[in-house]
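Going line by line, the protein sequences match chains A and B. The first sequence begins at 1 in my numbering and counts up by one. The second sequence begins at 1 in my numbering and counts up by one.
Hints were generated in silico from the structure; no laboratory data involved. Hints are supplied without guarantee of correctness; some may be wrong.
To be verified - Beyond 12 Å from chain B on every Cβ pair, some chain A residues (computed):
{"#": "1", "residue": "T7"}
{"#": "2", "residue": "W71"}
{"#": "3", "residue": "D190"}
{"#": "4", "residue": "W244"}
{"#": "5", "residue": "E248"}
{"#": "6", "residue": "A335"}
Said to hold, decoys possible - A partial selection of chain B residues facing chain A, derived with a Cβ cut-off under 10 Å:
{"#": "7", "residue": "F11"}
{"#": "8", "residue": "D14"}
{"#": "9", "residue": "G27"}
{"#": "10", "residue": "I45"}
{"#": "11", "residue": "Y46"}
{"#": "12", "residue": "R47"}
{"#": "13", "residue": "I53"}
{"#": "14", "residue": "E109"}
Bear in mind the structure is a predicted one, so any value in this text is a computation, not a measurement. Note that beta-carbon positions come from the ideal geometry of N, C-alpha and C, so glycine has one too.
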Amino acid sequence: MIDSGDTAWLLTSTALVLFMTLPGLALFYGGLVRSQNVLSVLMHCFSISCLVSVLWLVGVYSLSFAEGTSWIGGLGKFFLRGVGRETVYPDTGIPESVFFMFQMTFAIITPALIVGAFVERIKYSAVLLFSALWLILVYAPICHWVWGGGWLASIGLMDFAGGLVVHLSAGASALILAYLLGGRRGFPEDVLPPHAPWMTMIGASMLWVGWFGFNAGSALSAGGDAGMAMTVTHISAATASLVWVIIEWSKFGKPSLIGMVTGTIAGLATITPASGFVGPGASVLFGIVGGGICYICVDLIKHKYKIDDSLDVFAVHGIGGTIGILMTAIFAATALGGAGLGDNVTIFSQFGVQAVGVISVAIWSLIGSYIIIKVTESLVGLRVDEDAEVQGLDLAEHGESGYHNS
Amino acid sequence: MKLIIAIIQPFKLDTVREGLAEIGVQGMTTTEVKGFGRQKGHKEIYRGAEYTINYVPKIKLEIVVSDELAPRTTTVIQDKAKTGNIGDGKIFILDVEAAIRVRTGETGEQAL
Chain A
1 MIDSGDTAWL LTSTALVLFM TLPGLALFYG GLVRSQNVLS VLMHCFSISC
51 LVSVLWLVGV YSLSFAEGTS WIGGLGKFFL RGVGRETVYP DTGIPESVFF
101 MFQMTFAIIT PALIVGAFVE RIKYSAVLLF SALWLILVYA PICHWVWGGG
151 WLASIGLMDF AGGLVVHLSA GASALILAYL LGGRRGFPED VLPPHAPWMT
201 MIGASMLWVG WFGFNAGSAL SAGGDAGMAM TVTHISAATA SLVWVIIEWS
251 KFGKPSLIGM VTGTIAGLAT ITPASGFVGP GASVLFGIVG GGICYICVDL
301 IKHKYKIDDS LDVFAVHGIG GTIGILMTAI FAATALGGAG LGDNVTIFSQ
351 FGVQAVGVIS VAIWSLIGSY IIIKVTESLV GLRVDEDAEV QGLDLAEHGE
401 SGYHNS
Chain B
1 MKLIIAIIQP FKLDTVREGL AEIGVQGMTT TEVKGFGRQK GHKEIYRGAE
51 YTINYVPKIK LEIVVSDELA PRTTTVIQDK AKTGNIGDGK IFILDVEAAI
101 RVRTGETGEQ AL
C-alpha cells in the first residue's frame, strides 16, 4: 500500500539527488578547471543528466531492477511497461514511479562523477557515447547485482546508498579512462590551477545537502532509518572536512577552502554505503579514516603514479566508497552501535562478502570501461586536437565563453 | 599634454581617484591587467599540488592631462598608491601629440 509519508520523503529525496548533479556536481567540478573550460564541464554534467534520463526510461531501469538473472535484470520493464499510477514498489510504501525516479537520479550522478577524470581535453561526442555505453554495460549490471536482487545481494552484501554501485564503479572507471585518455597538456607540472574555488565550495555545499536525499532517501521510507542515515552522513562529512584541512594546514602551513570541501566529499562518499547501518559514534571514525586515506590517495595517484584523474574521482569516490564498504562490515555490528548484521553473520564473514563486492565491482568497472573506451575511441575519437585543448573546450567545442573579459 | 600611465595595486584605485579629483583631473581610463615586476608571482597549493602564479593582478590607469597639471598628477598617484611594499607599481609619462573630443570636435587641452 502506498504510504503518503514515505512517498513524500522519497519525492523530496529524488529532487535532492538530482540537485546534487544539477547544479551541485557541475559547479563543484566547474570551479576546479581553468576558466576556458568551465562551460564544457557544466555541459558534460547537464548532457549526461538528459541522456541518462531517457535511457533509464527506455531500458536501463529494466536492466537494473526488473526480474532477470542474477547477473542482469530482464526486459520486462522497458518503457516502464506494466507500471501504473498505483503500482507499489515491492517491500516499500512508495509508488514504483517514485522508485524509478529516485533511482534515475543515482544513475545520473554516477557517470557524471566520471566527468572529473576527463575534463579539459575530451571530445564532447566521446562524453556522450562513453556515458551511454557505460550506463548500459557497467552501471546497469552492478546496480542489479547489488540492489536489483542480483548475486551480490544474494550473498548478503551491504551497500546502503551506493559505495560500490555509485562511488567505486565511477571511481574505478575514472581511473582507467584517465589513464587511457592521457593527461592534460603540460600535466603534471604545467596545468593551470582551479579558476574559481568559490564555485567549487558552492557545488560542494549543494552536494552535501543533496546527500541527505541520497543516503537518508535510500531508506526508502520516512522513519528512524532515514533519520539515523542523515545524522551519520552529516557527521562524517563534517569530520572529514576538518581532517583534510588539518592535514593541509600542518603540511603546507595554510588551511585551504578547496582542501576543506574536498574532505567533505570524501567523508560523504565514505559514509554512503554504511549510512543505513552504523551509529553516530562510528560516523566520526568514518570521517577520520575516509578523509585521511583519500587525502593520501590524491597525492599517490596524481603525483606518484602520474595519472591525470584530473579532479580526483578515483582517490575521493573510488577509495572513499571502498573504505566505507569495508568498514560497514565492522561498524554495522550491534556491539559497535550499528543496526546489526544478518543472522549467522559475523563481522569476519561480512567483511569477506564486502571484499568480494569491492573486487568484483572494481574488475567489472575496469574491464567494462576499458572496452567502452576502445570502442568510443574507434568510433568518434577521444581527445580534441592540441589547438582546441590550448584554446579551451568552451570555445573550441561549444562556441561559447564563460567569461568575456579573461 | 602628457599621457600618464600608472600601474597600481587594485585596492588603491579609489584612493588614487579621489586624490586626482581633488587636484582637478577630469577623467581617466582604468583597466584590470596582469603582469609582473620585482614582486614576481607567488605559489598556490590546491589538493597538494603546487601552482606558480606568474602574473599578479594590477590596475592600469591612463590619464591625459595638461603639461602644467602633469607633475602634480604623478605626485598624487605616487602619494596615494604607495604602501611601501614591493608591488606598489610604476608610473610612466609620455608626450601626447593631439587630443580630440568626439562629441564637439574640440582639440588640445580643451578636449581633456
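Status of each hint after checking the structure:
1. T7: Correct as stated: the minimum Cβ-Cβ distance to chain B is 41 Å, above 12 Å.
2. W71: holds (38 Å)
3. D190: Given a closest Cβ separation of 9 Å, the condition is violated.
4. W244: Violated, because the least Cβ-Cβ distance between A:W244 and chain B comes to about 9 Å, which does not exceed 12 Å.
5. E248: violated (8 Å)
6. A335: holds (37 Å)
7. F11: Constraint on B:F11 not satisfied, violated at 19 Å.
8. D14: Check failed: Cβ of B:D14 comes no nearer than 20 Å to chain A, outside 10 Å.
9. G27: It is violated, given that the least Cβ distance between B:G27 and chain A is near 21 Å, above 10 Å.
10. I45: holds (5 Å)
11. Y46: Constraint on B:Y46 satisfied, holds at 5 Å.
12. R47: holds (5 Å)
13. I53: Since chain A brings a Cβ to about 7 Å from B:I53, closer than 10 Å, the hint holds.
14. E109: Where the cut-off is 10 Å and the nearest Cβ of chain A is about 32 Å from B:E109, the hint is violated.
Of the numbered hints listed earlier, those contradicted by the structure are 3, 4, 5, 7, 8, 9 and 14.
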